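Model the full structure from these sequences, guided by the hints.
Here the sequence shown is numbered in my numbering, starting from 42 and rising by one per residue.
Quick caveat, the hints were computed from the structure, so don't treat them as lab data.
Being a predicted model, the structure only gives us computed values, none of them experimental.
Taking lysine to any residue and the SDA-like style, the derived pairs with C-alpha atoms no more than 20 Å apart in a straight line are:
no.: 1; residue 1: Lys-132; residue 2: Ile-198
no.: 2; residue 1: Lys-239; residue 2: Tyr-161
no.: 3; residue 1: Lys-242; residue 2: Ser-201
no.: 4; residue 1: Lys-239; residue 2: Glu-122
no.: 5; residue 1: Lys-150; residue 2: Tyr-161
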Amino acid sequence: MFKKMKNIDTAFRDYRRYTLITICGSLLAVGFMAYECKSLIASLQNKIYVLYNNSVLSAVASDRRDNLLVEAKGHVRNFHELFFTLDPDDKVIQANVTKALYLADASAKKEYDDLTETGYYAGIISGNISQRIQVDSIQTDLRSEPYIFRCYATLTITRSTSTVTRSLVTQGDLRPVSRSDNNLGGFLIQHWAILENKDLKVVNH
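Here it is as structure tokens:
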């Protein structure tokens, strides 16, 4: 009789153990599934679907901090290319400079006004001169706002009689602002100044 009761007690303990193991396993499985579902929902929220030519394309959204350095350098490069790319056409000059001035504060407008007063743009038009810029490197400090940058570039000025190569060094600050159609980068250049603009070589034609 006692042996039978002992066997029943042992069987009951084994059944309780198996039940607890099953419950714990189920809880772990449910917790894992909930974690995976949460991760899946988070990844789906970072996906953007774009309709292009009747086709749906997917893109992935990312935090701006992930691409901050690239975007900051791109903004500086875009500004300099617009400001310093000149052709002997008043409309081309006005169009490029207007786009550039959306990317910077009054310091760039002052530089433009000074060049206008000295007859620089008039000389470009009357002399049939073309000017191109090659941005060589951009140094940017992103440790604190506004972000300090320094831009190193090369200007090529082509006249009918010669081609002049000049070195250009500028510096300024970058302040994050709202993005817009006129400012896709979402930065504003402040306290912009030209530190160096000197001839490197002159090639006569």
